[in-house]
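Let's have the full structure, built from the sequences with the hints guiding it.
Top line first, the protein sequences correspond to chains A and B.
Following the numbering used here, the numbering of the first sequence begins with 1 at its first residue and continues without gaps.
Following the numbering used here, the numbering of the second sequence begins with 1 at its first residue and continues without gaps.
Any given hint could turn out to be false.
Note that identical chains are pooled: a pair holds if it fits in a single copy or bridges any two copies.
Stated by the list, open to error - Simulated crosslink set (DSS-like; lysine-lysine; CA at most 27 Å straight-line):
#1 K211 with K305
#2 K289 with K194
#3 K213 with K255
#4 K371 with K420
#5 K289 with K211
#6 K113 with K402
#7 K255 with K299
#8 K305 with K255
#9 K194 with K230
#10 K431 with K194
#11 K340 with K255
#12 K289 with K255
#13 K115 with K345
#14 K289 with K305
#15 K345 with K2
#16 K330 with K317
#17 K326 with K94
#18 K402 with K115
#19 K211 with K299
Hints listed in this document are in silico derivations from the structure and should not be mistaken for laboratory results.
2 protein chains.
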Amino acid sequence: MKKILVLGAGLSTTRMIDYLLDNAEEHNWHVIVGDISEETARRKVNGNPNGSAEIFDIYNEEKSAASIAASDVVISMLPAFMHPMVAEKCIAYKKPMLTASYANDDIKALDEKAKKAGIPIMMELGLDPGIDHMSAMQVINRIKESGGTLTSFYSFTGGLVAPESDNNPWNYKFTWNPRNVVMAGTGVSQFINKGRYKYIPYPRLFDRVLKRKILQYGDFEVYANRDSLKYRGIYELKDIPSMFRGTIRRPGFAKAWNVFVSLGCTDDTYTIEDSENMTYRQFFNAFLKYEPNVPVEIKIQEYCKDASDPVVFEKLKWLGMFSDRKIGLKNATPAQILQKLLEEKWSMDPDDKDMIIMQHEFKYEKEGVEKMIVSAMAVIGENDGNTAMAVTVGLPLAIAAKLLLTGKVSETGVVLPTVKPIYEPILAELKTFGISFEENEYMLG
Amino acid sequence: MKKILVLGAGLSTTRMIDYLLDNAEEHNWHVIVGDISEETARRKVNGNPNGSAEIFDIYNEEKSAASIAASDVVISMLPAFMHPMVAEKCIAYKKPMLTASYANDDIKALDEKAKKAGIPIMMELGLDPGIDHMSAMQVINRIKESGGTLTSFYSFTGGLVAPESDNNPWNYKFTWNPRNVVMAGTGVSQFINKGRYKYIPYPRLFDRVLKRKILQYGDFEVYANRDSLKYRGIYELKDIPSMFRGTIRRPGFAKAWNVFVSLGCTDDTYTIEDSENMTYRQFFNAFLKYEPNVPVEIKIQEYCKDASDPVVFEKLKWLGMFSDRKIGLKNATPAQILQKLLEEKWSMDPDDKDMIIMQHEFKYEKEGVEKMIVSAMAVIGENDGNTAMAVTVGLPLAIAAKLLLTGKVSETGVVLPTVKPIYEPILAELKTFGISFEENEYMLG
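This is the structure in structure tokens:
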């Protein structure tokens, strides 16, 4: 019997744990769910005889080491900063490890050690990063193998609210970590277009959106998603002249969000004086000139021309930007205050469904002819627990664990799902769960 | 005989060392100038029998400790990050220390230790910080003592080129650390106006300038200088409704500089791909949309409306922004590339003179009457070595050392020149060197 240790039993783990339990009998697995709360872990196991729950606390050196030592494979759903601690123990006890998080420098530094221990540390096995890599590499490799040369690769992903639950003027709700949404795009966004490096500073990011229609879901807009340049290495497209990764929103989102960016109220680096007793109106007024005879509603339209668009202004008003309610957050940064306001309005109702949209656009040349492949995926959430986000993050991870336990993964060290033996079976099985890409090819020129 | 150890013999130390040597005989001092280069130190002493030169290397634990142990007072002109290392040794050997740098958290953390050792660590004894504190506190305390209540304090400083050397369209040259000029204002600028906290994000900082005429030197503009709020504590004006600190430039500077800020090319957090082989034209184009049929000169005016002002555009062109010259800097950040371009055009010629401008604006209420005091200072550099910057940074420091050695400083711990026994004699003696404030009082309302 093989023991799978799942670390962390948060909201997004339901589908992943269910998959493991569903497959446990056939493969002779036992699934141990470890969480800081045994009760939370037990709820996920839900009485299944092939599972059990235990307390797992990464800061309890002895007990956490014992849990990992007693397992055959470890799936970490803990916060990303804890992964290196888990990985160190997995290396010490020679246990393969899987996560849906980015292979950051701390993890990459463990590559040699993991190779020496003879185990893989499989990273980026979720949606984005995860399914994006797998589905892109499948098409990229097919084009290359058929003798084509890629000239351009654009790739977009968005976590959105499903059309049936889309009932606010922003056409947006929080379906994932709100803090990441508030901070999205800070820093510089970099990409390459026809051989020219392009850099968009954060204050202009939301000015420069692409427009797209995707599948049957209508219109979207896309803004650049930080460092696209590094994906030339990850996807083995070192010399590709155009490479762009973006984030998908509904049309009009960026123009309204731009008001917050230009005010400076997504800044997370300093705290606002006396934020606790301020009202939201006073908070936004703090970024505008002192003109006691002009209302905030007018000043903001003078400060930022986007705000004077009635469609944008309606979005701002709907959020309660001009309300006299107290913020009630002590020593808060602007980003924290904005997040609090947004959480009051953008939270999902229990019946709401989320939606994941992903689109890749490949341009390539073969025998003098230029063609384009557009490959798109949409996933609508089932319910509260099995959101589209939880399903698309959890299933590839769970399938990867099955590959590993059935001897299909020979790589060691830090491994991404950009190699055929990993992405092919995962994409094939995801299809059986309705997670698949619709592909269309077009002639160019 | 008292031994004064001066650490660092850089360009800006000439006037300070000369003052100490000039006063050495009268006070029975010996001035030891320590520098990483003995030759540089020797040049500053210039054969004066009351001075000597030695090699000083803060990373040579033993020798640097011996030098400090053998002295009576230490003046550190080393880079600011080295001050805590010097301060630790000064505490160990119970030697007073003086610098012109900010009392940052690392220095403040040594307050208790310095008090126990019975020595002062006198910080912020230069121009800004330095003369700004002294001259402001003199007026603030006078107003308070006469029964007035301060309602507003604005304070501006600028390091500029003197009118007789002002011969470029920016009316600006580098008279101090170029890097600090390129990075000026990054982060948020915060102040308070009639009791309302105000925050200006960096991308809008150069949009929001004040206009001023100062002394007989004509027109200037002022932009906010980072955190003005903390000065309420430093100047004991906790409840003042308005407090603003700013940086002085000639009119039109901010509007043109804003083009660089809005492009994002003052960013110092990432490097530009292949920066070495790029031209300046390509560099600026990297922040603009890919439109191969539109020249950079036109694209930049579409991107940033300030650039379409012919006065601004002339400034940009004059700098060589659109030139096909290679940058020639490897792995450079945008800020480093911009700095290189600016250094080619904004450097002082050997005969050029610099100018320091400082203005304080105090508003106060007394017996129901509101009044305003405007207090302004201008200093023009003498020559290459005795620039206005070097003189205004070095003289207060040297005078403070004299006060200390003649028993006029009783404070211990980390000390700022905001207390009367320190600022009064320094300001009085600065006057004898022509460094003085012209004060005017006005009725308000």
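Output the numbers, in ascending order, of every earlier hint that fails for this structure.
10, 13, 15, 17
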